[in-house]
Amino acid sequence: MANKVLMKGNEAIAEAAIIAGCRHYFGYPITPQTEIAAYMAKKMPKIGGTFLQAESEIAAINMVYGVASTGHRVMTSSSSPGISLKSEGLSYLAGADMPAFVVNVQRGGPGLGGIQPSQADYFQSTRGGGHGDYHMIVLAPASVEEMAALTVKGFELADEYRMTSMILADGTIGQMMEPVDLDGLKVNPAPEKPWATVGTDCKRFHNITNSLSLVPTELEQQNFDRYKKYDVIKEKEVMYEEYMMDDAEICIVAFGIASRVSKNAINEARKKGIKVGLIRPITLWPFPEKVLHDTVGKCHTYISVEMSMGQMIEDVKLSTECRGKYVLCNRAGGMIPSPEQVLAAIEEANKGGAK
Amino acid sequence: MSTNNYLFAGFGGQGILFAGKLLAYKGLIDEKQVSWLPSYGPEMRGGTASCSVIVSDTPVGSPIVSNPDTLIVMNLPSLDRYEDAVVPGGTIFMDSTLIERPVKRDDVTVYAVPATRLASENGIPTLANMILMGKVLSVMGEYPSDSVEAALGKVISARHADKLDINRRALQLGAEY
Amino acid sequence: MVVFDKPHALADIPLHYCPGCTHGIVHRLVAEAIDELGIEGRTIGIAPVGCSVMAYDYFNCDMIEAAHGRAPAVATGVKRADPDRHIVFTYQGDGDLASIGMAETVHAAARNENITVIFINNAIYGMTGGQMAPTSLPGQVTQTSPYGRDTNHCGFPIRVCEMLSQVEGAGYLERVAVNNVKNVKNAKKAILKAFKNQVEGKGFSLVEVISSCPTNWGLTPKKALEWIDEKMIPYYPLGVYKDRAADEEAAK
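Chains as they are written, first to last, in the working numbering: chain A, 50 to 404; chain B, 3 to 179; chain C, 76 to 327.
Hints in this document: simulated from the structure, not taken from any laboratory. There could be a bad hint or two in this list.
[Claimed, not checked] One-sided excerpt, in silico: chain C residues whose CB lies under 8 angstroms from chain A:
| id | residue |
| --- | --- |
| 1 | Glu115 |
| 2 | Arg117 |
| 3 | Val128 |
| 4 | Cys136 |
| 5 | Ile139 |
| 6 | Glu140 |
| 7 | Ala141 |
| 8 | Val149 |
| 9 | Thr151 |
| 10 | Gly152 |
| 11 | Arg155 |
| 12 | Ala156 |
| 13 | His161 |
| 14 | Ala178 |
| 15 | Glu179 |
| 16 | Pro312 |
The beta carbon of each residue, even a glycine, is placed where N, CA and C say it ideally should be.
Input sequences plus hints: build the corresponding full structure.
Structure, rendered in structure tokens:
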């Protein structure tokens, strides 16, 4: 346990961001992620960084846009209703190809909803969230250790691909404490950013951060280019975990806290001799399509365990070309599925057997 | 290979989350896998507070404890709410100053400690939680132990180092009860 | 001998503004201020959404195009990224600054954000074709107030300088106009001062420039300039609404 400390998931994100070289944080209070802002408020002034409580989520994401334009690593964090407000800025960040790191510690919705954990912003985050054709890299940690590691990764990916990366967590992982080894985090230095608007020094043509393009053929080309970049990301950056999949005939797909509940259920099911495993997407976008596709013919049933009314299940069906049976095992509105509920779904699927 | 699931519950302000942290840190120091999950939100402000703690030899799956092996309760609503959730053969530790009724189940072991009364009699009225924890740890056969001492040092920040001694005394009181 | 030249900070390309529009004048005044202070190489300008949306092409300094109304928030980010180096200005119209971006405006002022805001008030939404603005005058006919702005129905114009003068954080607020030579000269002084304040760390400086929109006002360029004197300035009196540095100096 050499350098392990117990930390809340939210705090782990904040500290990992600082380790990743982020010196600018802008946010607006909202449960259940406020620990991130509180941590930054405490730390940033002591390390020459900026913590600023913005007047709104909208202002916060635009402050992020401003810092991102200057090439510095920058972040904001919020929870579901606040992310809706930020969606305008997320679209502009995408249109201007600016790197930014955003955290969504989800709570139940829609509307003001509740404050208990949820995964119902899956569509919103994996499809972009704001207007226009774009994606964000969406990272789904399932432990406090991953909250830290994926934060560092998030900053690196944002810089490498000049786009927003988002941590899609939920209230449980944000609030829980687990051991984390921050000393073990390795950070790649940020790349050169010749596009940054930091002043020309009267030595070069001016840089412009911009998402306006009034000539449709040009705007179309920008979209084509951006989607070529997305293809590279789909090829290179997919992350997932497989658990007991070697001989699995039933495949659970779950991310975040739902994946941990699912593991408990899988362990129980295995004791009963049921061949069930888990594919846990770590990147929700890009979605681990290929590994799921490879299970076609081996698995007869896919159980999507979600804390929503069933959103990821669409990607599961698409990835497997609708060639299996599909079961949604879910809770919503801030409720978390229990291992017993998942086990029951597994046993039911096992009774059905292969087609 | 074992996994121990603890559920702590009581009023906000009784130090429920703090007690849970002590156990989680002790687990970490003992090189176990641990998780600590609090209830959060408005109910923390004077309402019910609870936290799930898991200490395990294997990676922790779900951090949510719905059926604890060990229930540590410090008020009646919490006993009412969680008594039936304890696994058969499990253990309930309760503050008998604030919980006047006996535990109804006969398939669990019960330790009733008048922690709030002991705390106030000993001039440490805010440390009933640690008195109850003293009992928990001694029943576990873990009191006194180096890892408890080290965990105390972790949960009590350097800024409050002057509070270490009264916390030790509270643990001692509970352990000896 | 050169008696008239283009400021270095102003790009040498044709502006897209309508004939008689005063944006060009204000662009030039901003560029002159940047030149005179020798800050072009470390200046970052923020363009809004509105007629001046493409202002990013017109200045030679680094430029950022912001979402509608968000320029002060973007400017805050840029400024805070490197406060000692970056000189940051926003260039916003009345819809951008006083309607959709009111919160960003007021809070940047409240924080005394050390930025310069150039606020073009021409009492109309120009780019979208002449709709009622937060600063449209009572009775003013626009596309969305075809019977004249009815204050019983849609309220009164907002006087930004007067309002911000009550915000303690705001450092310097002045309203100027660009409808005649004398006013342009005053506007030049105010804009220069608003940039100089930033260089000297004096905090949030805003210059409201009463401007014309002949196209959407339905007037000739000349008539539009006269309308500023007749209608706009009586409702929006010119002058300094706040100058904290001067006030503090006077108090000594």
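Against the structure, the hints:
no., hint, result
1, Glu115, "6 angstroms, holds"
2, Arg117, "4 angstroms, holds"
3, Val128, "6 angstroms, holds"
4, Cys136, "6 angstroms, holds"
5, Ile139, "4 angstroms, holds"
6, Glu140, "4 angstroms, holds"
7, Ala141, "7 angstroms, holds"
8, Val149, "4 angstroms, holds"
9, Thr151, "5 angstroms, holds"
10, Gly152, "2 angstroms, holds"
11, Arg155, "5 angstroms, holds"
12, Ala156, "4 angstroms, holds"
13, His161, "7 angstroms, holds"
14, Ala178, "5 angstroms, holds"
15, Glu179, "5 angstroms, holds"
16, Pro312, "29 angstroms, violated"
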